[in-house]
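K.L.:
Starting from the given sequences, assemble the full structure and let the hints guide the process.
Chain residues, written in single-letter form:
2 protein chains.
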Amino acid sequence: MDLQEGKGKFIQAWGTLGSHWGINRTMAQIHALLLVSPTPMSAENIMADLKISRGNANMNIRALIDWGLVYKELVPGQRKEFFVAEKNMWEVVRKITIQRKKKELEPVLKVLQEVTQVEEIQGNAETEEFSKVIKDINLFASKADTTLDSLVKADQHWFVGTFLKMIK
Amino acid sequence: MDLQEGKGKFIQAWGTLGSHWGINRTMAQIHALLLVSPTPMSAENIMADLKISRGNANMNIRALIDWGLVYKELVPGQRKEFFVAEKNMWEVVRKITIQRKKKELEPVLKVLQEVTQVEEIQGNAETEEFSKVIKDINLFASKADTTLDSLVKADQHWFVGTFLKMIK
DNA sequence: TCTAACTTTCAAAAGTTATTGAAAGTTTAT
DNA sequence: ATAAACTTTCAATAACTTTTGAAAGTTAGA
Numbered sequence: 001m002d003l004q005e006g007k008g009k010f011i012q013a014w015g016t017l018g019s020h021w022g023i024n025r026t027m028a029q030i031h032a033l034l035l036v037s038p039t040p041m042s043a044e045n046i047m048a049d050l051k052i053s054r055g056n057a058n059m060n061i062r063a064l065i066d067w068g069l070v071y072k073e074l075v076p077g078q079r080k081e082f083f084v085a086e087k088n089m090w091e092v093v094r095k096i097t098i099q100r101k102k103k104e105l106e107p108v109l110k111v112l113q114e115v116t117q118v119e120e121i122q123g124n125a126e127t128e129e130f131s132k133v134i135k136d137i138n139l140f141a142s143k144a145d146t147t148l149d150s151l152v153k154a155d156q157h158w159f160v161g162t163f164l165k166m167i168k
Numbered sequence: 001m002d003l004q005e006g007k008g009k010f011i012q013a014w015g016t017l018g019s020h021w022g023i024n025r026t027m028a029q030i031h032a033l034l035l036v037s038p039t040p041m042s043a044e045n046i047m048a049d050l051k052i053s054r055g056n057a058n059m060n061i062r063a064l065i066d067w068g069l070v071y072k073e074l075v076p077g078q079r080k081e082f083f084v085a086e087k088n089m090w091e092v093v094r095k096i097t098i099q100r101k102k103k104e105l106e107p108v109l110k111v112l113q114e115v116t117q118v119e120e121i122q123g124n125a126e127t128e129e130f131s132k133v134i135k136d137i138n139l140f141a142s143k144a145d146t147t148l149d150s151l152v153k154a155d156q157h158w159f160v161g162t163f164l165k166m167i168k
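Residue numbers (my numbering), protein chains in the order written: chain A, 1 to 168; chain B, 1 to 168.
If you are wondering where the hints come from, they were derived from the structure by calculation, not from laboratory data.
All the pointers check out, no bait thrown in.
The list makes no distinction among identical chains, and a pair is therefore deemed to hold if it is satisfied within one copy or across any two copies.
Quick list of in silico lysine-lysine cross-link-like pairs, PhoX-like style, CA-CA up to 20 Å:
id	residue 1	residue 2
1	K9	K110
2	K9	K132
3	K72	K87
4	K51	K9
Owing to the predicted nature of the structure, the values given are computational and were not obtained by experimental measurement.
P.N.:
Okay, here's the thing in C-alpha cells:
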C-alpha cells in the first residue's frame with residue numbers, strides 16, 4: 001500500500017469516528033490530515049488536500065483550535081498561518097472529554113437536580129417510581145462526573161501504568 | 001414542580017443526551033418514558049404520550065429491544081404487547097457500550113491494521129511520520145478496546161467498589 | 001496611509017437523517 | 001375460514017446539518 005492510499009483511508013476512518021464523537025466529519029478529517037503531516041500546513045494546503053471550500057476549512061480549523069486539538073503556528077517572515085495537530089493521543093482524548101463533558105453530562109446533571117424537586121406523593125406509584133429512577137440516575141451520573149474529572153486531571157503515566165493494569 | 005413537568009423535562013434531557021450517544025432522539029425519549037413508568041406501556045400509550053406516529057414508535061421500540069435497553073412484556077389474555085425499560089443504569093451503560101464499540105471502535109481498529117501496511121521509506125519524512133502516528137494511535141486504540149471489554153464483562157459491584165475508589 | 005495578502009462571515013444550496021401515515025402483513029380467537 | 005386487533009414496512013416529506021463561495025473584514029508592511 002502506498003502512502004497516498006493509506007493516508008486517504010486513515011482520514012476517512014478518522015472522519016467517521018469523529019462524527020460519532022461530537023466532532024463533525026470535516027473537522028475530524030482536518031485533524032487526521034494534520035496528524036499525519038510531518039510539517040505544519042496552511043489553510044490553502046488543507047483546502048486543496050481535502051477538496052473543501054475556504055469557509056469550511058476556516059470554520060473547522062477554528063473549532064479545532066477552540067477544542068485545543070490544533071495549534072496555530074506562525075512562521076517568521078510569513079503572513080500566512082500554519083497549523084499543527086496535537087499528536088499526543090492522551091491529550092487528544094483529554095481534550096475531547098473536556099468538551100463532551102461540558103456539552104453532554106453537565107446539562108443532564110443540571111436537569112436531574114431540577115427534577116428532584118418533583119414532590120413524591122406517598123402511595124402514588126407514578127411519583128414514587130419517578131423519584132426512585134431520578135435518584136438512581138443522579139447517583140450514577142455524579143459518579144461518572146467525578147470519574148471523568150479524575151481522568152481529565154490524571155497524568156498519562158499514572159493512567160497507563162496503574163489504571164490500565166488493574167482492569168486487565 | 002409537578003410530576004408532568006418533571007417527566008417532560010427529564011424526557012427532553014434524556015433525548016438530547018441520547019443523540020450525543022448514537023441513540024436517536026425519539027429512541028432515547030421512549031427509553032426515558034419507560035424508565036419513569038411504574039408499569040409496562042403499550043405502543044399506543046407511547047405514541048400518545050410522546051405525540052409520535054405509529055411507524056416512528058414501532059421502529060424505535062424495535063431498535064431499543066435490539067440494543068437490549070427495552071424488553072417486551074406479554075400480558076396473558078391481551079393481544080397487545082407491552083414494553084418495559086432496563087432500569088439498572090449499570091446495565092444501560094454496558095449495553096450502550098457494547099453497541100458503540102461495535103459501531104465505532106472496531107471499524108477504526110480494522111483500518112488502523114490495514115494502513116500499517118504502508119511501507120515506510122527511510123529518510124522520507126512523510127512515510128516516517130505516518131508510520132509513527134499510526135503505530136501510536138493503534139497502541140492507544142487497542143488499549144481502549146481491552147479496557148472496554150473489561151468494563152463490559154465486569155460486575156457492577158466490583159466496578160463501583162474497587163474501580164471507582166481508586167480514581168478518586 | 002494604502003495596498004495586498006490573508007482570514008472571517010453568512011445566506012443560499014446541497015446533503016443527510018428522522019418522521020409520517022397509509023397500506024400491507026401477521027396473529028389470535030371464534 | 002374470517003374478522004378483528006394488532007405490528008411492520010416504506011415512499012414521500014419534513015427537519016436538520018453541513019458546505020459553498022462570494023463579499024466583507026482585518027492586518028502587516030511599504
